[in-house]
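Assemble the complex: chain A is given as a structure, and chain B must be docked to it using the hints.
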Amino acid sequence: MKSRNVLRGLMGATVLAASFGSAPAFSADITITMAAPDWPPTRFMKEHFDATYTSPAGHNTTLDMDFIPWPSFYERVAASLTSGEQKYQMIVTDSQWLGAFVEGGYYLNLTDRINADPELTAIMQDLHPALVSAYSTYPHRTRAQLEEAGVVPAPGVNYYGFPQFPDTYVTYYRQDIFCHEGEMAAFQEKYGTNLPCTYEDWQDTDWEKFAQIGEFLQRKKGDMLAGEVLDDDFYGIAYQAGKGYDFSSMQINAFIWQQGGDIWDESKAPDAQAEGVVNSDIAVKAFDQYLSMIQYMPPVARTGQMDIFVEQDLYMQGKVGAMIDWVGLGEPVLDPTASKVHDKSAFGPAPGSRQADGSIDRTGNIGGQPFVLTTWNSDEVVDEALNVVKWWLKSDTQLEAVKNGGQSGLKSVMAMPEYNDLRPWNRAHVEMIDWQKDVWHIPEFFEMLTQQQEEFDKAITGQIGAKEALDAIAEFQQELLEDGDYIK
Amino acid sequence: MADAAHHRGGFGAWLLDPKRRGALLVTPAIAILFVMNIFPLMWSFGLSFFNYKASSLKVPKFKGLDNYHDVLTDEKVWERFQTTAIIVSASVVLQLIIGFLLALMFAKAFPMRRIVLMLVLTPMMLSFVSVGVFFKLFYEPTFGIVSFVINLFTEERFVLLGSPEGAIAGIVIADAWMWSPFVMLLVLAGLVSVPKYLYEAAEIDRASAWRRFWTITFPYIKSLLLLAVLFRTIETFKLFDIVYIITEGGPGSTTETIAVYLYRTAFQFFKTSQSSALAYIVLFIVIVLTNLYLYAVNRRAEEID
Chain A
0 MKSRNVLRGL MGATVLAASF GSAPAFSADI TITMAAPDWP PTRFMKEHFD
50 ATYTSPAGHN TTLDMDFIPW PSFYERVAAS LTSGEQKYQM IVTDSQWLGA
100 FVEGGYYLNL TDRINADPEL TAIMQDLHPA LVSAYSTYPH RTRAQLEEAG
150 VVPAPGVNYY GFPQFPDTYV TYYRQDIFCH EGEMAAFQEK YGTNLPCTYE
200 DWQDTDWEKF AQIGEFLQRK KGDMLAGEVL DDDFYGIAYQ AGKGYDFSSM
250 QINAFIWQQG GDIWDESKAP DAQAEGVVNS DIAVKAFDQY LSMIQYMPPV
300 ARTGQMDIFV EQDLYMQGKV GAMIDWVGLG EPVLDPTASK VHDKSAFGPA
350 PGSRQADGSI DRTGNIGGQP FVLTTWNSDE VVDEALNVVK WWLKSDTQLE
400 AVKNGGQSGL KSVMAMPEYN DLRPWNRAHV EMIDWQKDVW HIPEFFEMLT
450 QQQEEFDKAI TGQIGAKEAL DAIAEFQQEL LEDGDYIK
Chain B
0 MADAAHHRGG FGAWLLDPKR RGALLVTPAI AILFVMNIFP LMWSFGLSFF
50 NYKASSLKVP KFKGLDNYHD VLTDEKVWER FQTTAIIVSA SVVLQLIIGF
100 LLALMFAKAF PMRRIVLMLV LTPMMLSFVS VGVFFKLFYE PTFGIVSFVI
150 NLFTEERFVL LGSPEGAIAG IVIADAWMWS PFVMLLVLAG LVSVPKYLYE
200 AAEIDRASAW RRFWTITFPY IKSLLLLAVL FRTIETFKLF DIVYIITEGG
250 PGSTTETIAV YLYRTAFQFF KTSQSSALAY IVLFIVIVLT NLYLYAVNRR
300 AEEID
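Going line by line, the protein sequences match chains A and B.
Following numbering that gives the first Met the number 0, the numbering of the first sequence begins with 0 at its first residue and continues without gaps.
Following numbering that gives the first Met the number 0, the numbering of the second sequence begins with 0 at its first residue and continues without gaps.
Check before you lean on any hint, since a few could be wrong.
Below, simulated DSSO-like cross-link-like pairs (lysine-lysine); rule was C-alpha separation at most 30 Å, straight line [unchecked claim]:
#1 A:Lys410 x A:Lys436
#2 A:Lys318 x B:Lys135
#3 B:Lys57 x A:Lys267
#4 A:Lys402 x A:Lys339
#5 A:Lys402 x A:Lys436
#6 B:Lys60 x A:Lys86
#7 A:Lys339 x A:Lys189
#8 A:Lys219 x A:Lys343
#9 A:Lys284 x A:Lys487
#10 B:Lys135 x A:Lys219
#11 A:Lys487 x B:Lys60
#12 B:Lys75 x A:Lys487
#13 B:Lys75 x B:Lys135
#14 A:Lys343 x A:Lys220
#15 A:Lys86 x A:Lys189
#16 A:Lys267 x B:Lys221
#17 B:Lys135 x A:Lys487
#18 B:Lys62 x A:Lys487
#19 A:Lys466 x B:Lys75
#20 A:Lys410 x A:Lys267
#21 A:Lys339 x A:Lys45
#22 B:Lys57 x A:Lys86
If you are wondering where the hints come from, they were derived from the structure by calculation, not from laboratory data.
Next comes chain A alone, as it looks inside the complex (with noise of 0.2 Å):
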């Protein structure tokens, strides 16, 4: 009995002392729960955190993430915040809802924890300025407004978020139809012009060869296309086309920013003006082209309702010959189980408007998140948050990402050798991120953007023309921001 005893108390003793060796004195259990769409990047990084994240600190450190479905993403994650049930220490945001929810108190200010920790710094430096600008200045700070400081972080700019994933949207295509003899030869005869098979074929595609490619593409069931009888019409092109959420402005205003006019400019607040700019003759004309090619697209596009999803979905049922859409809906095309195309697809840069000089402007508007912490947050938990970011923005962490389907927003990670053959469409995205701007952040984005996609789909759907539309969003904006004091 006595030995027994003696025995526990020598068990107990080493176990403590095993634990006082190996752990600091202040070690916690954090439980950081963030809100996360639930797609693969969040799921990678969820599983990956489990696998081998370790605390700095020597927190015993969990990653609760809370999958939301996307369709109901922004509105769970603002019912979560304006109840005040202050659930999440962590959010995955879009870029759009900055303005709203640091006003509204809920995004932490890092700005001075950035410049007081070199780690974070050299990070802010590595990531692509498109970036910085889009998923992390509020008020926004344009890319040029940025490099014009010369340093990073700018001084009297203030910091929000970190990239958790970089989107850019570009061509996916079927190359088994696009590098069919048969079909080049006739393309070619057709328009003569060559109809893009090799990347670099895409680097020089334009809006007019795109529409061409769509007039061309457009089959009926029993035609031949590629060698084969189809057993089903197919359409040549698709684009985002949806009056839901974005799913028409963010490839509208691809359209008129490569023309050279502009939307409503929040960086130059309060000067800048709604009125004769969103509906400038510019954008007029790029709208109008915009809408010239819905006609080569599945049809559901002519209802309003081809979103991001939407036009994946037909694409990989075969029914489409090129579609641009967001680099993080790739690799379901590339899955056999879910993609009748997954070995036929290859990916370009997405086309572009034609300039004077022969080059392509291929400016596009950025997708993707940030993820941003929480004002209610503890100094310990925002230490450990913090510290979860550096993880993540790890080079390491972030190429078993890009191998799992994530992209990185890191120059260092990009300019990799081996960075464009972890995916095949790694190229086109380190092409396109160069071209990227965002949209409004100020926090009457949702209302601006709901009144613009209603015109936008009576538009699409051929109940108004372009100029009607803008007309009708250049003075709904234009009221909304005088009575916000935006405009003056």
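Using the frame of chain A, we list chain B on its own:
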């Protein structure tokens, strides 16, 4: 006495005294009702007089009746009311016609009547979201079944949701598909309550089918029809799920009902006070309709008596 009881049986006995038992039993229900319904109602009513935004931490300012004025003078609100009225009218009429015809069919015996009846009743037991998704896929012009069938005859894809009229028709058909069985149930209840001897007497008098319907059947079912109209009007007036899933209010805003607009104002634009004012205006309309409904129920009860 109470003190004596308290001393004899302790607090439990005092509490369970028959004089208090009733109040005790309803207290939890009233407490839950107060916390879940009455308090939020009063709170949101209060909010409707301020300029509160749920997304902002700014202290709200008192605005009096300004929000009600803004809502009632907002063109968009009246457009949404008009859209709602069109959808309600078309859907309720269609439900009445289909429900009535189904009731006439099921009032008579035929082989496998019970199984067919069960199948016909299924739609109203489904969730709104399921029905919305079904019909969105049915109407999908590239691979949906409606477009597929029409394509067999026209060789063109049928784009139902591409025009305001088509989109309204799509919503009305989905709503009518779901709720016509409900109307059928009510009418069927009226039809089976008609005494058979009245029809026998009418047959002896050689009354025409129309005459039999108008003078015998209709008086028995008219109150139930009225009930069906009112009940379905109230429900369709609040229609949200099916619209949001099938069209999201599009094309443009041509199918955006007042319920969808209210949701956007409250939870997307975070105009909390303004949306509260609009919600109270909608509530007022629903209360008026509900009173009409109760009046119809009472009349039916008097008729039965």
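For each hint, the structure was consulted:
For the proposed pair Lys410 (chain A) and Lys436 (chain A), the alpha carbon gap of about 17 Å is at most 30 Å, so the pair holds. With a C-alpha separation of about 19 Å, the suggested pairing of Lys318 (chain A) with Lys135 (chain B) holds against the 30 Å cut-off. Distance restraint check for Lys57 (chain B) and Lys267 (chain A): the Cα-Cα separation of roughly 25 Å lies within the 30 Å cut-off, and the hinted pair is therefore satisfied. Of the supplied pair hints, the one linking Lys402 (chain A) and Lys339 (chain A) holds, its CA atoms being roughly 22 Å apart against a limit of 30 Å.
The hinted pair formed by Lys402 (chain A) and Lys436 (chain A) meets the criterion: a straight-line CA distance of about 26 Å does not exceed 30 Å. Taking the CA atoms of Lys60 (chain B) and Lys86 (chain A), the gap is near 28 Å; set against the 30 Å cutoff, the hint holds. Taken as a hint, the Lys339 (chain A) and Lys189 (chain A) pair is honoured in the structure, with Cα atoms around 29 Å apart against an allowance of 30 Å. For a cut-off of 30 Å, the pair hint linking Lys219 (chain A) to Lys343 (chain A) stands: about 21 Å separates their Cα positions.
A C-alpha spacing of about 28 Å is found between Lys284 (chain A) and Lys487 (chain A), which places the hinted pair at or below 30 Å, so the restraint holds. Simply put, Lys135 (chain B) and Lys219 (chain A) have alpha-carbon atoms about 24 Å apart, close enough for the 30 Å limit, and the pair holds. Among the hinted pairs, Lys487 (chain A) with Lys60 (chain B) is consistent with the structure: their alpha-carbon atoms are about 24 Å apart, no more than 30 Å. Restraint check: the Cα-Cα separation between Lys75 (chain B) and Lys487 (chain A) comes to about 26 Å, which is no more than 30 Å; the hinted pair holds.
Annotation: proposed proximity of Lys75 (chain B) to Lys135 (chain B) holds, straight-line Cα distance about 26 Å (limit 30 Å). Note on Lys343 (chain A) and Lys220 (chain A): the hinted pairing holds, with a Cα-Cα distance of about 20 Å set against a maximum of 30 Å. With a CA separation close to 60 Å, the supplied pair Lys86 (chain A) and Lys189 (chain A) exceeds the 30 Å bound. Between Lys267 (chain A) and Lys221 (chain B) the CA atoms are separated by roughly 66 Å; this puts the pair beyond 30 Å, and the hint is violated.
Between the alpha carbons of Lys135 (chain B) and Lys487 (chain A) the distance comes to roughly 44 Å, so the proposed pair goes past 30 Å and is violated. With a C-alpha separation of about 24 Å, the suggested pair Lys62 (chain B) and Lys487 (chain A) falls inside the 30 Å cut-off, and the hint holds. Taking the CA atoms of Lys466 (chain A) and Lys75 (chain B), the gap is about 21 Å. The hint holds against a cut of 30 Å. Among the hinted pairs, Lys410 (chain A) with Lys267 (chain A) is consistent with the structure: their alpha-carbon atoms are about 28 Å apart, no more than 30 Å.
At roughly 29 Å between alpha-carbon atoms, Lys339 (chain A) and Lys45 (chain A) fall within 30 Å of each other, so this suggested pair holds. Annotation: proposed proximity of Lys57 (chain B) to Lys86 (chain A) holds, straight-line Cα distance about 21 Å (limit 30 Å).
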